[in-house]
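Enquirer: Chain by chain, the residues:
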Amino acid sequence: QKEVEQDPGPLSVPEGAIVSLNCTYSNSAFQYFMWYRQYSRKGPELLMYTYSSGNKEDGRFTAQVDKSSKYISLFIRDSQPSDSATYLCAMTYSGNTGKLIFGQGTTLQVKP
Amino acid sequence: GAVVSQHPSRVICKSGTSVKIECRSLDFQATTMFWYRQFPKKSLMLMATSNEGSKATYEQGVEKDKFLINHASLTLSTLTVTSAHPEDSSFYICSARTSGRGEQFFGPGTRLTVL
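Here the protein sequences come in this chain order: F and P. Here the first sequence is numbered in this note's numbering, starting from 1 and rising by one per residue. Here the second sequence is numbered in this note's numbering, starting from 1001 and rising by one per residue.
Just so you know, the hints here were simulated from the structure itself, not pulled from any lab data. In this text, all values refer to a predicted model and were calculated from it rather than measured experimentally. We treat Cβ as the ideally placed atom computed from N, Cα and C, and that holds for glycine. Careful: at least some of the hints might be erroneous.
[Stated by the list, open to error] No more than 30 Å apart at the CA atoms, straight line, and that leaves these computed lysine-lysine pairs for DSS-like:
(1) F/70 x P/1042
(2) F/99 x F/67
(3) P/1066 x P/1042
(4) F/42 x F/111
(5) F/42 x P/1020
(6) P/1066 x P/1041
(7) F/42 x P/1014
(8) P/1042 x F/67
(9) P/1041 x F/99
(10) F/56 x P/1042
(11) P/1055 x F/42
(12) P/1055 x P/1020
(13) F/2 x F/70
(14) P/1014 x P/1041
(15) F/67 x P/1064
(16) P/1014 x P/1042
(17) F/42 x P/1042
(18) F/70 x P/1055
[To be verified] If you want the footprint, here are the derived chain P segments under chain F, 3+ residues with CB under 8 Å:
(19) 1044-1057
(20) 1103-1115
Whenever a hint applies, use it, and build me the whole structure from the sequences.
Expert: Laid out in structure tokens, this is it:
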């Protein structure tokens, strides 16, 4: 079993839809949770960084962490074609020298 | 967010030559930098962790003599692919970790093609 599981998709939605991306994890030591967006042939871009259970909102993006269920989510409201990319969840814990454990990434396509 | 640059963005070289890739944190100091390799449609594979002023820590299966990493300052780490072979062709990405919250910011990547 992988430490972090993420459905690779692809996920296709119409423009304006609410997108829900999810990751589950098995290691209860994980404390810090990140979502990255990666366009083709580019480096990942940090979208959200959270370290406690609950919700964190930034513009059209909401990150949700449920440590009791070992489950994190990223919601994208009013999705746009420019949101079409691969979304990677990543997590780590203190004492892990900052090494990130990544999910497989979910490919999202937002159709106009 | 913080900015990380990589140079070059793309390089084509002949088999047997060495290639150096630079990773710089432009607006913050990074005590730790990471080097990743990414294959098409795959997630990132960590190659090594680079700490300023000390030897890099390589992941299992990564040849340290082939992938030389130097972290000479708090803003610069370099990856040198020595005696490159076609199977080393890949997308190489670095990241730099901030102190404090420990967020990681990635560079734009370097596409290496070995002929």
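Enquirer: Determine for every hint whether it applies to the structure shown.
Expert: Against the structure, the hints:
With a CA separation close to 23 Å, the supplied pair residue 70 of chain F and residue 1042 of chain P stays within the 30 Å bound. Straight-line distance between C-alpha atoms of residue 99 of chain F and residue 67 of chain F comes to about 19 Å, which keeps the hinted pair within the 30 Å bound. Between residue 1066 of chain P and residue 1042 of chain P the alpha-carbon distance is near 22 Å, which keeps this suggested pair within the 30 Å criterion. Using a Cα cut-off of 30 Å, the hinted pair residue 42 of chain F and residue 111 of chain F holds, with the two alpha carbons roughly 21 Å apart.
Taking the CA atoms of residue 42 of chain F and residue 1020 of chain P, the gap is near 19 Å; set against the 30 Å cutoff, the hint holds. Restraint check for residue 1066 of chain P and residue 1041 of chain P: the C-alpha separation of about 25 Å stays at or below 30 Å, so the hint holds. At roughly 24 Å between alpha-carbon atoms, residue 42 of chain F and residue 1014 of chain P fall within 30 Å of each other, so this suggested pair holds. A threshold of 30 Å between alpha carbons decides the hint, and for residue 1042 of chain P with residue 67 of chain F the separation of about 27 Å falls inside it, so the pair holds.
This hinted pair checks out: residue 1041 of chain P and residue 99 of chain F have alpha carbons roughly 21 Å apart, not beyond 30 Å. Our distance criterion of 30 Å between C-alpha atoms is met by residue 56 of chain F and residue 1042 of chain P, whose separation comes to about 28 Å. Simply put, residue 1055 of chain P and residue 42 of chain F have alpha-carbon atoms about 28 Å apart, close enough for the 30 Å limit, and the pair holds. This hinted pair checks out: residue 1055 of chain P and residue 1020 of chain P have alpha carbons roughly 17 Å apart, not beyond 30 Å.
As the CA atoms of residue 2 of chain F and residue 70 of chain F are separated by approximately 13 Å, the hinted pair is consistent with the 30 Å bound. Note on residue 1014 of chain P and residue 1041 of chain P: the hinted pairing holds, with a Cα-Cα distance of about 25 Å set against a maximum of 30 Å. Straight-line distance between C-alpha atoms of residue 67 of chain F and residue 1064 of chain P comes to about 37 Å, which puts the hinted pair past the 30 Å bound. Proposed proximity of residue 1014 of chain P and residue 1042 of chain P is supported: the alpha carbons are some 25 Å apart, at most 30 Å.
Proximity of residue 42 of chain F to residue 1042 of chain P is assessed by CA-CA distance (about 13 Å); at most 30 Å being required, the pair is judged to hold. Distance hint between residue 70 of chain F and residue 1055 of chain P is unfulfilled; the C-alpha atoms sit about 34 Å from each other, more than 30 Å. Chain F is given as covering the region 1044-1057 of chain P, and this holds because 4 residues of the stretch bring a CB closer than 8 Å to a CB of that chain, at least three being needed. For the region 1103-1115 of chain P, the stated coverage by chain F holds: 8 residues have a C-beta nearer than 8 Å to a C-beta of that chain, and at least 3 were required.
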